[in-house]
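*Asks:* Please construct the entire structure, taking both the sequences and the accompanying hints into account.
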Amino acid sequence: MDHIVQNIQGIPLNHYLIFCSIVFAIGVIGVLIRRNVIIIMMSIELMLNSVNLLLAAFSAYRGDASGQVFVFFVMALAAAEVAVGLAIVIMVYRNTKSVDLESLSKLRW
Amino acid sequence: MTIFYFVAFLSIFFALMTIFTKNPVHSVLYLVITFFTFTIHYILLNAQFLAVVNFIVYMGAIMVLFLFVLMLLNLNKDTEPMKSNLVKIMGTIAGMCLIATVLGALKVIETNNGFVTGNTDFGLVKNLGKILFDEFLLPFELSSILLLTAMVGAILLAKKDKKEA
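Protein chains in written order, with the numbering used here: chain A, 1 to 109; chain B, 1 to 165.
Treat the hints with caution; some may be incorrect.
Claimed, not checked - Straight line, CA to CA, 27 Å or less: simulated DSS-like cross-link-like pairs of lysine-lysine: (1) LYS88(B) x LYS106(A); (2) LYS160(B) x LYS97(A); (3) LYS97(A) x LYS159(B); (4) LYS106(A) x LYS159(B); (5) LYS88(B) x LYS22(B); (6) LYS97(A) x LYS88(B); (7) LYS22(B) x LYS97(A); (8) LYS130(B) x LYS106(A); (9) LYS22(B) x LYS106(A).
Bear in mind the hints are in silico, worked out from the structure with no lab data behind them.
*Replies:* Structure follows, in structure tokens:
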């Protein structure tokens with residue numbers, strides 16, 4: 001384990017920032033260009049994960065463990081969000097027989 | 001040091017595959033690989049507790065939930081209607097704006113370009129547990145109420161309505 005940890009020495013914090021913002025942007029693009037509700041939720045998971053990694057990187061950089069505790073809470077929240085969200089998707093599928101986001105346009109006033 | 005760049009490349013590649021694959025089941029499988037590369041990132045940061053939690057919760061629980069719902073809805077065929085090309089291009093440009101903003105901001109700031117050391121040992125279960133059950137005890141207990149609420153809500157929503165049956 002020690003030599004793995006030695007390997008991370010010398011990665012600038014900026015590279016973590018750039019990497020995580022690229023993954024976050026991929027998640028945003030996924031939400032914008034897909035119509036399948038399940039794939040949109042997967043893109044949201046991607047965004048949450050990139051933010052988690054950035055929090056952990058900042059926590060290692062600052063030497064403060066609060067960031068990692070925050071990542072733990074974000075993970076608990078993501079689990080709750082996915083459970084409720086997928087239940088809603090099942091409800092919508094039962095009523096409209098599709099997971100297309102456009103089939104929900106009836107909700108628009 | 002090169003491990004980070006290699007794994008980062010893999011993460012970005014599989015994240016792109018996730019959102020551009022037509023078949024939803026393949027999409028979920030690519031997302032699992034993406035989360036696995038994130039686990040490697042946590043190990044590189046010496047955040048071992050987060051690595052294990054990421055592995056179990058994301059790759060184990062959440063991805064199985066996604067796969068279950070996909071199988072339940074019988075969506076394992078690529079019949080999804082795609083958005084028009086105009087909307088796709090607009091969405092991609094809008095996403096790229098975010099990257100451009102962050103890169104521009106980083107170029108302008110250009111201060112305190114420190115290095116991530118990663119040899120701190122508070123990511124271990126013992127040290128993180130001491131902090132979690134001391135300073136963050138109240139949020140920890142509240143998150144259990146949140147999870148209970150989510151569980152009740154999910155069961156209530158997904159249950160078949162008795163009047164319909």
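*Asks:* Would you mind marking each hint as holding or not holding in the structure?
*Replies:* Outcome of the hint check:
This hinted pair checks out: LYS88(B) and LYS106(A) have alpha carbons roughly 23 Å apart, not beyond 27 Å. For a cut-off of 27 Å, the pair hint linking LYS160(B) to LYS97(A) stands: about 15 Å separates their Cα positions. Restraint check for LYS97(A) and LYS159(B): the C-alpha separation of about 16 Å stays at or below 27 Å, so the hint holds. At most 27 Å may separate the alpha-carbon atoms for a hinted pair to count; LYS106(A) and LYS159(B) meet this at roughly 23 Å.
Distance hint between LYS88(B) and LYS22(B) is fulfilled; the C-alpha atoms sit about 14 Å from each other, no more than 27 Å. Distance check on the hinted pair: LYS97(A) and LYS88(B) sit about 25 Å apart at the alpha-carbon level, within 27 Å; holds. As the CA atoms of LYS22(B) and LYS97(A) are separated by approximately 19 Å, the hinted pair is consistent with the 27 Å bound. Straight-line distance between C-alpha atoms of LYS130(B) and LYS106(A) comes to about 50 Å, which puts the hinted pair past the 27 Å bound.
Among the hinted pairs, LYS22(B) with LYS106(A) is consistent with the structure: their alpha-carbon atoms are about 26 Å apart, no more than 27 Å.
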